[in-house]
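Given these sequences and hints, build the entire structure.
Residue-level listing of the chains:
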Amino acid sequence: MPPAAEAASPEPVLLAVEGITKHFAGVTALSDVSLDIRPGEILGLLGENGAGKSTLLKILSGVVPPSGGRITFDGADYHPSSPQDAKRLGIVTIYQELSLIPTLTVAENIFIGRAPIGQFGLVSWRRMEQESRTIIARVGLSIDPMTPVSALSVAEQQLVEIARALSLKSRLIIMDEPTSALTETEVQRLLSIMDRLRKDKVAIMFVTHRLEEASAICDRMTVLRDGRLAGHLDREGGPIALPKIIEKMVGRAASELYARPAQRAVAGDVVLSVRGLRTVRDPEAPHAIVLDGVDIDLKAGEILGVAGLVGSGRTELARAIFGADRIAAGTITLDGKPIAPASPADAIALGIGLLPEDRKHQAIFAALGILPNFSIASLGSFSNGFGFMAERREHDALSGFRKMLSIRMASAEQAIEGLSGGNQQKVILARWLARDPKVLIVDEPTRGVDVGAKTEVHQILVQLAARGIAVMMISSELPEVLAVSDRIVTMRRGRITGQMPGVEANEERLMELMALDRKETL
Amino acid sequence: MSVAGEQDQRGGINFARLLMSFGPLLFLVALIIVFTVLKPSFMDPINLFNITRQISITGLIALGMTFVILTAGIDLSVGSLLAFCGMVAAVVAKGGSANTLSLSTSGTQGFGWFAALLAAVVVGAAAGGVQGLVITRLKVPPFVVTLGGLTVFRGLTLTISNGGPISGFDASMRWFGTGLIGPVPVPALIFAAAAILCHIVLRYTRYGRAVYAVGGNAEAARLSGLRVDRILVSVYVIVGFFAGLAAFVLSARLNSSEAVAGIGYELTVISAVVIGGTSLFGGIGSVGGTVVGAALIGVLQNGLQFNNVSSYTQSIVIGLILILAVAFDRWLKSRVRR
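Those protein sequences? They're chains A and B, same order as listed.
Going by our numbering, the first sequence opens with residue 46, and the numbers climb by one from there.
Going by our numbering, the second sequence opens with residue 2, and the numbers climb by one from there.
Simulated from the structure, these hints should not be mistaken for laboratory data.
A few of these clues could be false.
What follows is a list of derived Cβ distance ranges for each label pair [what the hints assert, rightly or not]:
hint: 1; chain 1: B; residue 1: 23; chain 2: A; residue 2: 387; range: 38 to 48 Å
hint: 2; chain 1: B; residue 1: 182; chain 2: A; residue 2: 430; range: 26 to 36 Å
hint: 3; chain 1: A; residue 1: 429; chain 2: B; residue 2: 311; range: 45 to 55 Å
hint: 4; chain 1: B; residue 1: 332; chain 2: A; residue 2: 432; range: 31 to 41 Å
Every residue gets a Cβ at the ideal spot worked out from N, C-alpha and C, and that includes glycine.
And the structure:
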């Protein structure tokens, strides 16, 4: 077929999303979003955290049904009843947390639930191995299919998932942040495989925060903002320019969501100082992010915002300072004295507190009441010399914080699980305030907290800083960083990429520093 | 969203919680009533005190096991450890291995009951501590470490005893197994005192809070500044201590330390803890529950015996009750969640 004819008859639309809306418990997560994708096309789906990307993915992959709107796939109405159903219909979603079974081999994972049957109704291992080899070759893998998946790198596992999707005759592959855990070389390899699949007429939806990567590979982009469609971008001759993308992603008057607290008093002396901090590569997680020489100063009475995407090293920085992860090199000084916390217990004794990013798994004792959840970090000060709990003092302290932080709870004995996310977070904040820390690190303090309570949490952080506590706030939500930070640093790939006073920052600048390599800064 | 709505929900949770903590107790009371109706002499004080004596050995170990299971751990070695500690106590009571074959109870050569008791609990605690260190330092799951311990301690017992029993202790030692204070058997008093102590420790001390926290969420406990490994080691020390104490009482009661003592005790002990409502996933449970669980098993065994049910059938019934108790617990929790 002559090239001209091909250009004249573009592929018919494979997936068309028209006016999709989704409400969760009265909150609108997606409102009137439309997009389409054709075979042999890579569509970028971009947007800040909370823009609605995950909700859209959940709908497309059959996890939740939409509240309104219409989706057609391959000319027919598409409403999958489950992720399995979506897969069967030809849409496979590959999430950041890979879904392979680590103890099984590559071949077993590819053929899970549909192993080739040979003589006597038994599994034909020979056929399974041979076919797996062909299947993984399509994504450029030449490993032994009988290798257990646990022995593969994250990048290789991802390719196995893509290969499995292809073997299932998937017509549309949705990739959710596939590059966040990859090294630069691995990213290049993935992009070239995506390019190859495009030539094979596979449609790919590429969900990412990494703007350069999206710009390099995507034919078109759909940008979401605050649950709505912010716009479509087309590759016209060359790659889609980064400033255009950022403009679409941010595109609102800075932070209507959070009012910036009034200008505060000048920060005091440097309390915590970090120089050249590097962390150890965990042999069991060789692809995890390690800190690569981080310098940071934190002053009494200020809120330092640390902005970074997933995989930027922001959480690793907090954990290293807190003694939760091993440090390979660098120094940490607290009040001018070098410290080397070997465990969280050491760090806590020195006056550091950490509100971890994953409340459910790292902070909450779900089986216990509010009282023990509150006092767990201060058992020493709430008990007498014989080790007996001074419950009266404990109750008094809790009711003090209950007023101060306006924690809405029924009683101290109530199970903490019964509280809303915002009130749980306030209990965890109270846990640290009871220790009167010098340094308080809060990692994604408003994750899983509803909008009204977010503002409350922000106000609490401002109050704490006003009391002289040095607050380090890690967040991937830029409006939040801008709303409460006195000073902001940005991180990417285990390094600090920029630093500025909060008043001088805006979302565009931060986004550039978070999402771009320094050499490519606009 | 109204206040009334919140309170309704709270009331519901409290009611279910009440049921959850008193469920096993209600079941125990029901059993006692059934057995009394079947045979009124079941309620005879002599029989009741018999039951308390019977449950005191596994009950003591179950107290220690409660600490372990609260941290989401398990100790399968307690039966073998009991035999081992009993043998150590016997050797000490007899004044050294040279005298172990003598059946003399004159006690002239022995070191006395106190030394025997001390030896049993110290050896038990130390053995538990070693297992705890292997669990925390070498990161071997408790199930595996204590499964190994089960064989190792049995082997050690057979080695020091040459496979046979060591019998014949002096009267002062035997009192701890057979004595009475008023009408109450001494082992039952020891169990009661130990249960009260454990209850106080778990409910009212800083250490108790830490045990629940570690079992409820080990990572959150670590990030809250608890020395998780130390607490984990300590619970294995505690269960080992109680295995030693139980061994001493058992040897005193039988006037003999048997190399085959305590076989299968781990299962009775774990059953008592679990029937008592302590979650195998950690963080939920109480000493009171364990006492009820131990009593439930004791009453069941005794009552079935009393009604001439064969020991074979007893095993079947106790096994089924264990499963039922946990199923009931799960069902209650699913109701609470809803």
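Status of the hints after comparison with the structure:
| no. | hint | verdict |
| --- | --- | --- |
| 1 | B/23 / A/387: 38 to 48 Å | 45 Å, holds |
| 2 | B/182 / A/430: 26 to 36 Å | 33 Å, holds |
| 3 | A/429 / B/311: 45 to 55 Å | 54 Å, holds |
| 4 | B/332 / A/432: 31 to 41 Å | 37 Å, holds |
Checked against the numbered hints listed earlier, the structure breaks none of them; every hint is satisfied.
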